[in-house]
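Colleague: One letter stands for each residue in the lines below.
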Amino acid sequence: MGSHKNEYDVQKSKIFTPAFYVFSVIVLISVFIIIYRYVMGIGYVSNLNDGWPWGIWIAYDVAVGTSIACGGYVLAITIYVMNNFKYHPMIRSAVLASMFGYCLAGLSVMVDIGRPWNSYNFFVPSQWQFNSALFEVALCIMAYSLVLIIEFLPAVYERTSTLTKYPRIAAFSKMGYKYIDKLLFLFLSVGVLLPTMHQSSLGTLMVATGFRLDDLWQTNFLPLLFLTNAVLMGFSVIVFETMLTTSLFKRSFEKEIISLSRIIPYVAVAFILIRFVSLTTSGAWGSVFTSGTLSVVFWLEIILLLIPSFIIYATQFGKSQRGLFVSAMTLMLGAGLYRFSVYLIGFEPGPGWGNYFPSINEFMITVGLISIEIVGYMVIVKLLQVLPNVSKSH
Amino acid sequence: MVEKSLLTPNLSRRDFVKALGTITTALGLPLTVADKAAEAASNVDNRPPVIWLHFQECTGCSEAILKTTHPSPAELILELINLCYQETLMADFGHSAERLLEESIKKYAGKYILIVEGSIPLKDNGVYCKIGGKTAIDILKHTAASAAAVINLGICATSGGIASAGSNPTGAVGAPELLPEGIPYISLPGCPPNPYNLLGVVMFLLNFNKLPEVDSKKRPLFAYGTLIHEYCERRANFDAGRFAKEFGDEGHRNGFCLYQLGCKGPITHANCSSIKFNEGIVWPIGNGNPCIGCTEGDVLFKESLFSHAMVIQPRLNSNVPPATPEDLGKSPTAFQGAVVGTVLGAVVGGGAVLASKLSKEPEDENK
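Quick note, the sequences are listed as chains A and B, same order.
Residue numbering for the first sequence is 1 to 394, as defined by the numbering used here.
Residue numbering for the second sequence is 1 to 367, as defined by the numbering used here.
Simulated from the structure, these hints should not be mistaken for lab results.
Model, not experiment: these values are computed from the prediction.
Some chain B residues well away from chain A (every beta-carbon gap over 10 Å; in silico): (1) D35; (2) G60; (3) D92; (4) K107; (5) P184; (6) I292.
Covered, in the sense of this in silico footprint (three residues per stretch, anywhere, with C-beta under 8 Å from a C-beta of chain A), are these stretches of chain B: (7) 338–352; (8) 357–363.
A virtual CB, placed ideally from N, CA and C, is assigned to each residue, including glycine.
Let the sequences and hints guide you as you build the complete structure.
Modeller: Below, the structure is given as structure tokens:
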């Protein structure tokens with residue numbers, strides 16, 4: 001990867017900005033709540049119960065969060081599988097965001113499980129249950145988090161190998177950089193395989209809930225839908241992230257993003273088509289106008305995907321910075337809403353369990369985890385060579 | 001004690017006291033009660049008179065009693081109680097039997113225990129169940145009016161049972177709905193109820209002259225105070241997530257938990273899992289058949305046999321999230337809504353502000 005060295009650049013701006021302090025305070029609050037949750041028990045901070053065994057932590061941090069973290073996955077496919085190396089400068093920032101997304105999904109699962117002291121069993125192969133979709137998700141998320149950290153290590157080593165004050169660290173970093181550079185193709189291929197496996201398994205999980213998931217979402221196509229949704233989300237997130245850093249860090253525009261965004265309408269339409277086929281096979285067309293709020297959510301999901309897809313596909317506005325940003329954000333809302341519906345909105349645990357709405361503490365933990373990601377991303381791109389080197393590369 | 005029945009000729013006092021000691025222990029009563037019981041039971045004059053009425057039912061509850069061995073039914077009805085009227089067992093029939101009933105009611109007014117088996121049809125003035133020309137309603141009201149206590153035996157007598165299932169064509173109800181005010185009663189639901197629970201109640205009455213402690217549905221706590229689920233022999237499989245998925249599958253053959261086949265153990269209060277049936281040898285769940293919830297009037301004949309029961313468990317401690325329906329269904333407070341709304345608004349607003357700063361002119365990708 002040495003040849004790619006000047007593809008990336010350190011973002012040269014202040015680390016301790018007002019935004020840094022605001023998000024850090026939110027992180028501190030949520031860390032306090034997480035400690036409280038471990039001392040007092042999950043019942044003290046959440047509105048979860050036996051009927052609603054998962055809530056916003058799983059629906060947002062795991063289901064939606066890992067799909068937002070699919071930027072690295074789709075970019076790796078585009079670059080290494082489809083052989084489009086012109087997008088290569090974007091990979092590090094995408095991998096960084098993915099790394100945060102997956103590690104925090106893992107963390108939120110540790111907050112969510114009722115008996116965390118049993119979680120060490122996960123590392124005991126004799127305790128593994130290979131028929132469980134949840135096991136596959138857990139294994140893949142953990143393995144992929146590790147792979148993402150390794151994929152990101154070159155950026156860290158580049159920095160630490162220049163530490164002349166600490167010659168040992170520098171020497172170790174140089175050696176590590178050399179080995180990882182040689183083995184990276186292996187991790188990249190595993191990194192493409194793992195999300196393909198577990199993103200579909202996230203859908204399989206909800207197939208297992210049977211009739212408790214509303215007709216509008218329950219289908220055997222859920223694994224395929226979740227995979228397509230992850231790809232759609234991945235591309236949207238790359239566009240969104242790029243436009244966000246362009247705007248916030250006042251960087252010059254990366255014009256590759258326009259050609260990359262061209263694929264989004266096709267993925268979105270493919271997703272919607274599969275969705276319609278699944279409605280046909282499960283005979284749920286009768287419910288699309290008759291399920292009250294659920295019908296509204298169903299159509300909202302589709303509209304939030306169709307309109308931005310049309311903007312990108314057919315209009316000049318879709319080629320502007322503002323158009324790309326707004327479209328990408330709308331697409332993320334639509335794709336995220338779909339996952340949210342499958343995990344929470346369309347889920348009905350049975351009579352007597354009432355409704356679920358996250359408690360303040362629950363919600364603050366989720367907001368805190370997102371804040372960790374934002375703060376971490378903001379700081380790391382200012383310390384390491386992560387963002388594309390726009391001035392040099394073309 | 002089974003070898004030497006209480007009716008064995010030349011039964012020694014020792015054997016008799018031994019037998020009562022065993023019964024007392026089986027009921028979980030202090031051993032001193034055995035002496036009192038021996039005294040009470042050996043005194044023939046003290047045998048409590050019992051009138052046993054049958055209405056709309058299958059006589060399964062009586063059949064279950066007839067299969068007991070300690071004490072055997074013969075010991076029970078000849079030695080321990082004075083059974084005045086029981087259509088299945090009595091030698092008299094026709095007018096003679098009905099005369100016996102009237103005589104007993106008069107002779108033992110305010111002293112006899114009334115055991116009711118079967119539901120009572122209310123529709124069309126109760127014409128669907130008549131004995132000796134009188135409707136079940138009249139017989140029950142008349143007999144219960146001068147009873148010392150009433151024992152409703154079986155799910156039919158406690159809440160209508162199978163006769164009240166579905167459209168309830170005869171308007172069948174349980175005896176508690178018709179009993180006169182002020183008559184103490186106890187309910188022993190089940191299909192059939194475990195005979196030892198009836199014997200336990202009778203022995204309790206015999207010794208303490210009062211009914212045992214009951215729950216809100218008038219069921220004795222010693223028998224109905226726990227869930228089947230709590231002492232189920234398959235409970236470990238439930239906790240470990242090992243379930244039979246369909247009848248005859250691998251999990252079923254391996255004795256896994258029957259919850260997913262519709263077992264109502266988690267919502268059914270009874271001691272079947274502790275004392276079992278057929279002299280403590282077998283019981284439905286042990287045989288691989290899911291519990292049908294026969295002690296719960298709103299479960300058996302009211303819910304599907306194969307529906308999943310809602311698992312209710314007492315809270316272990318405050319660290320465990322609420323699991324009982326009373327704690328549920330909280331709608332979001334205004335504060336919760338405000339916090340969530342503020343954060344979502346900030347995200348959308350921030351996005352809009354950022355978008356407004358970005359150029360809306362199309363970029364040239366080939367530049």
